[in-house]
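**Q** Here is how the chains run, residue by residue.
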Amino acid sequence: MTAELFLQTIVNATYAASYMALIAVGLVLIFGVMGVVNFAHGELYMAGAYAVVALYAGLGIPFFVAVVIGLIFVGLLGLIMEYGLFRPLRDNPLGGLIASIGFLLIMQTVAVLGFGVHMEHVPPSTQEKIVFADGVVLTYQRLYVILAAVGLLSALWFFLRKSKFGWALRACAQDREAAALQGMSINHTARLAMFIGAALAGVAGALTAPLVSPTPYMGHPVIITAFIIIIVGGVGSLEGAVLAAVLYGFVNTFVTTIYDGTLANIVGLLLMLIVLIVKPTGLFGAKERA
Amino acid sequence: MPERAASSGLSWALGFVLLTAALIVLPHLLSLSQQEILVLLVINVLLVSSYRLLTLTGEWSLAHVVIMGVGAYGSALTAKLLGVPVPLAMLAGAAMAGLLAFLLSFPLFRMKGFYFLIGSFAAGEVIRLIWKWSELTWLFGGPKGIKLIPPFPDIEMLSIDFYNPVNYYYLCLIVVAISLVILYRAERSRIGLTFHAIHWQDKLAQSVGVDTFRYRMLAFVISAFFAGLAGALYAHYVGTVNPNRFDVEEMVYVLIWAIVGGTATFYGPIIGVVTLTILNEVVLRALGVDEMRPMLYGAILIVSILFLPNGLESLVPRIRGWIAGRKHKRAVAEQPAE
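In order, the protein sequence lines correspond to chains A and P. The opening position of the first sequence corresponds to residue 49 in the working numbering, with each subsequent residue numbered one higher. The opening position of the second sequence corresponds to residue 59 in the working numbering, with each subsequent residue numbered one higher.
Read the hints as simulated data drawn from the structure, not as lab findings. Please read all numbers here as calculations on a predicted model, not as lab measurements. Certain hints may be false.
As the list claims (entries may be wrong) - Each computed DSS-like pair below joins lysine-lysine, with the alpha-carbon atoms no more than 27 Å apart:
#1 P:LYS205 to P:LYS138
#2 P:LYS138 to P:LYS202
#3 P:LYS170 to A:LYS327
#4 A:LYS327 to P:LYS261
#5 P:LYS385 to P:LYS261
Claimed, not checked - Non-contacting residues of chain P with respect to chain A, defined by C-beta distances greater than 12 Å in every case (computed):
#6 ALA150
#7 SER178
#8 GLY182
#9 ILE188
#10 ARG343
#11 VAL347
#12 LEU354
#13 SER362
Backbone N, C-alpha and C define an ideal beta-carbon position, used for all residues, glycine too.
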């Protein structure tokens, strides 16, 4: 491996880690607050990508406006899931998970009916790029994803640590009943967590749309990756999810570059299995959830 | 009341004869494409019933369809590469699926609940990726899978040709019926009762000396064997297998059959798979909107988890009670007033 290829792979891995962190953190947040494993999370990512397909590639709305609309749209989808599925099934431990599988199938079909099964092509919003050295390039399109991940996740971290809502959210994650007894609205916190979690997946989809050729089934590999990350990071740990996303992003990108993509996927799944067997609380598992 | 018992035994026998007759006549009332679906339906009945045996211990696996695929690949390769007669290859395929479950139970049964679900999913995906892997294309055929799998040998003496879906349907019906009897007996045996005990009273079962790990493993291996058998029946019928046929989407359908039907009774998952297949084939094919299938399944899944959390099977005692109530009322009404 040459030095240029090595550096370029580091750049690629940083990008991969960024968008996976956005998705995995949302999944962990939803699980932490509501106790639901959202199988439809990959489809929320897909919905964000299709928002950009429709608005930016279709209607010609400026890229970042489309991304913001996509973020809000997917956040609202999250609210629909909270109202329609997770709230009525709150006392049924596997119920939310099963209902989210049903929702996943519906969203896939809606995408197929609305756009067709073919790959969409989204033109890049900019041709600009940073050239670090000969053969080591970071396109602006990828830079946006990295900046969004760093910016949004830091904002979320401050929100959870400093604001009153954040405290309520973490309190609900730790002990729902006790939080309710202190006068915190479980419904309100669940709504907030679901909106934020879904919107993070949506923004990841919207920003990566020009880079990945959206299809209705693009959520499938993403949810598998997200599960690997949250298991490796420790289910319920936000910091763990970020660290595991970085770890996974680097391992996956390097194995893909040196060997091939299938082997990289096998390595990722084996990594998760080993963590599940040896330390089910995850490598960075915290005792408190979220 | 011996009289009552005899009459109930009689009605069971009558019901059994009627069901058998209906199952024998059924394919002759259908079109060719419907006959082909019927064969797959019978195979799916075995698949979902074997899945239920595992859920008895309280664990929900996402690897079941991949294990079915192990039976399919195993049987296909044994017959094709080694030239083993197909019926023996089928048993070999099923045994391979059981063996794989045996090996997988060591890592997987260290986990429970959601972790088992995800762990089994990961294990299944690893197997699927190995099938797809370019380094092993010489054996598994990569993403395109295995083609030209030898078909089930014809019985020349009786001139039974298994290329005809009706004959293959009868073959599947016999194999599946025998398998269901074994699964049913297993559930009703001491072993099956232990499975229930592990599900509901894990710690208590352990404290009275039940080796829960070994029983979980046993349930997993038995259910894998029959899933593998279903896969073998599938492989030699369709003649080709590929990794995508056994992906997580197919697993989701098995899950939906089991959940919509309900898993508390032996017949629940069978009701689920039969009802949904009929709904799927009749409604969607009739309307010509095949791509709506996932949406229909998704909507049914959501509606059933919201409004019928114990599955279709929970309707059966209600219907039975309703009929009995009407009979009772009629009997009361017909009684002469004193």
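**Q** Each hint should be assessed against the structure and marked as holding or not.
**A** Status of each hint after checking the structure:
Using a Cα cut-off of 27 Å, the hinted pair P:LYS205 and P:LYS138 holds, with the two alpha carbons roughly 10 Å apart. Pair hint P:LYS138 plus P:LYS202 holds up; C-alpha atoms about 16 Å apart against a cutoff of 27 Å. The straight-line distance between the Cα atoms of P:LYS170 and A:LYS327 is roughly 13 Å, inside the 27 Å bound, and the hint therefore holds. Restraint check for A:LYS327 and P:LYS261: satisfied, since their Cα atoms lie roughly 22 Å apart, inside the 27 Å limit.
A hinted pair counts as satisfied when its Cα atoms are at most 27 Å apart, and P:LYS385 with P:LYS261 does not qualify at roughly 45 Å. For P:ALA150, the condition that its CB be more than 12 Å from all CB atoms of chain A holds, with the nearest at approximately 26 Å. A beta-carbon of chain A comes within 12 Å of the beta-carbon of P:SER178; the shortest separation is about 10 Å. Under the 12 Å C-beta cut-off, the non-interface status given to P:GLY182 relative to chain A is violated; the minimum distance is some 9 Å.
Its beta-carbon lying about 7 Å from the closest one in chain A, P:ILE188 breaks the requirement of being farther than 12 Å from that chain. In this structure P:ARG343 is separated from chain A by more than 12 Å, as the shortest Cβ-Cβ distance comes to about 16 Å. Under the 12 Å C-beta cut-off, the non-interface status given to P:VAL347 relative to chain A is violated; the minimum distance is some 9 Å. At roughly 8 Å, the least C-beta separation between P:LEU354 and chain A is not larger than 12 Å, which violates its mark as non-interface.
Not every beta carbon of chain A lies more than 12 Å from that of P:SER362, the smallest distance being close to 9 Å; the non-interface claim is violated.
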